[in-house]
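**Q** Read off the chains here:
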Amino acid sequence: MRRIECKDIISAIKKACMDANYYIPEDLVSTLKKRYEEETWPMAKNILERIKENIEIAKKEEIPLCQDTGMVSVFVEIGQDVQVTGGSLEEAINEGVRQGYMEGYLRKSVVKDPLNRINTNDNTPAVISYRIVPGNKFKMLIAPKGFGSENMSRLKMLKPADGVQGVKDFVIETVERAGANPCPPIIVGVGIGGTFDKVASLSKKALLRPLGERNKDEFYKDLEEELFYKINKLGIGPQGFGGKTTALAVNIETYPTHIAGLPVAVNINCHVARYKEVEL
Amino acid sequence: MIKLTTPLTEEKIKDLKMGDNLLLTGTIYTARDAAHERLIRLMEKGKKLPIELKDQIIYYVGPSPAKPGRVIGAAGPTTSYRMDPYTPKLLDVGLKGMIGKGDRGKEVVESIVKNKAVYFVAIGGVAALLSKCIKEAEVVVYEDLGSEAIRRLKVEDLPLIVAIDSKGNNLYEIGRRMYLEKAEDNAYLD
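Going down the list, the sequences are from chains A and B.
Read in order, the letters of the first sequence are residues 0 to 279 in numbering that gives the first Met the number 0.
Read in order, the letters of the second sequence are residues 0 to 189 in numbering that gives the first Met the number 0.
Mixed in with the good hints there might be a few duds.
[As the list claims (entries may be wrong)] Computed list of lysine to aspartate or glutamate pairs in EDC-like fashion (alpha-carbon distance at most 20 Å, straight line):
#1 K44/A with E137/B
#2 K138/A with E90/A
#3 K107/A with E180/B
#4 K44/A with E180/B
#5 K66/B with E172/B
#6 K33/A with E60/A
#7 K66/B with E55/A
#8 K107/A with E172/B
#9 K33/A with E212/A
#10 K232/A with D143/B
#11 K47/B with E36/B
#12 K131/B with E76/A
#13 K111/A with D54/B
#14 K105/B with E175/A
#15 K232/A with E142/B
#16 K136/A with D7/A
#17 K44/A with E43/B
#18 K131/B with E52/A
#19 K131/B with E61/A
#20 K66/B with E175/A
#21 K66/B with E61/A
#22 K46/B with E36/B
#23 K107/A with D143/B
Since the hints were made in silico from the structure, they are not lab data.
Isolated chain A, as found in the complex (with noise of 0.2 Å):
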């Protein structure tokens, strides 16, 4: 049995929180550098350029990308034969959130009830979710998130009769109703299957795939390769002004279904894609 230190899970959130949101991560930053030079449209290729920009400034001078630091995401995959020692790995995990929120100058964006508002003001908790794997590894995937891009996603129940059709219309007429306000150059994270729960947590696993990997099963590559065509041909642009940069990338994740349901849900993420992955 191997054993890990909740302090130790402690300050790895606490870090990665911090890192991830002065930080893009290296695959976002060249399909960034990718697109501005293949961007023709002259207001797209200026922003694109800001966005370029943006990043430098916030790595060199450590703040933030974005003002919204967003609400934490954590995906934990524990091996069974780990024992977390010193404490809960819960508070451990919101210990971290608190810590680096307060020492990296982040935004509590958190408020601790949906209809009084009341902020938290250590933008805790953090959502999390847990896997539980053979072996002895421990994974954390931690995800700030902006609410821009979020509240622009959407989740449906689709008939089985609707189809793969039906799934692409879903997808198109979501991002074409985003237009600007998720902060485009975009990326599309598509569920597709599993429950009502389910899908929307695919759909946010689906964001946190690296830039440029496409999924592993023959017919959804090509999906993803087509609906990225077909979104980048919608013209809305970077910042929704016009131009062929609209989705950096489509990924998409599935899951079995019911006879009777075919669940589709679209996440959307702005092009300040923040994760950290951390390994104990």
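For chain A, the structure is supplied; the task is to place chain B on it using the hints.
**A** Relative to chain A, chain B alone:
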């Protein structure tokens, strides 16, 4: 590049056209969801507003906390449509400009035309870059709202785009349409 200074008089607004890139210098106020709600509640009760809005600009922003030695943290725009229910009421009492991101509703566009105002856009998600144009920041009112408090900012060469001008021309509609009409190679495969 157009240089614009506050206060934002009708004379200055008249020359601003949809799609203009400009640099703004002067004093502006911050307010987003919660502060808007409070301002409107005061107006409904017939009370005096804590800030004079005539010829002023409101920036929809909730900045991150300032690091020691800095004026402000990251400070980019938040999505504007959430302020749509309040905006016409503020325009009616003299507000002349808003800075945000994303398209506005029909009633806001109509109110912009009626009141000869203007809607600017700052690029969403480039908050570190925009924060460097903010030279002074102080809370004016609603300190309890934290990041959402109303602040007075002194900005220097803040880069903005005119998204909806005083004639109601809307870059969110026209910019995209122009692109789709003109661009031949308007999409690509990865």
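**Q** Each hint should be assessed against the structure and marked as holding or not.
**A** Results for each hint:
no. : hint               : result
1   : K44/A with E137/B  : violated, 34 Å
2   : K138/A with E90/A  : holds, 17 Å
3   : K107/A with E180/B : violated, 43 Å
4   : K44/A with E180/B  : holds, 18 Å
5   : K66/B with E172/B  : violated, 39 Å
6   : K33/A with E60/A   : violated, 24 Å
7   : K66/B with E55/A   : holds, 18 Å
8   : K107/A with E172/B : violated, 34 Å
9   : K33/A with E212/A  : holds, 16 Å
10  : K232/A with D143/B : violated, 45 Å
11  : K47/B with E36/B   : holds, 15 Å
12  : K131/B with E76/A  : violated, 39 Å
13  : K111/A with D54/B  : violated, 37 Å
14  : K105/B with E175/A : holds, 18 Å
15  : K232/A with E142/B : violated, 45 Å
16  : K136/A with D7/A   : holds, 14 Å
17  : K44/A with E43/B   : violated, 44 Å
18  : K131/B with E52/A  : holds, 12 Å
19  : K131/B with E61/A  : holds, 13 Å
20  : K66/B with E175/A  : violated, 38 Å
21  : K66/B with E61/A   : holds, 10 Å
22  : K46/B with E36/B   : holds, 14 Å
23  : K107/A with D143/B : holds, 13 Å
Taken one by one, the earlier hints fail for this structure at numbers 1, 3, 5, 6, 8, 10, 12, 13, 15, 17, 20, listed in ascending order.
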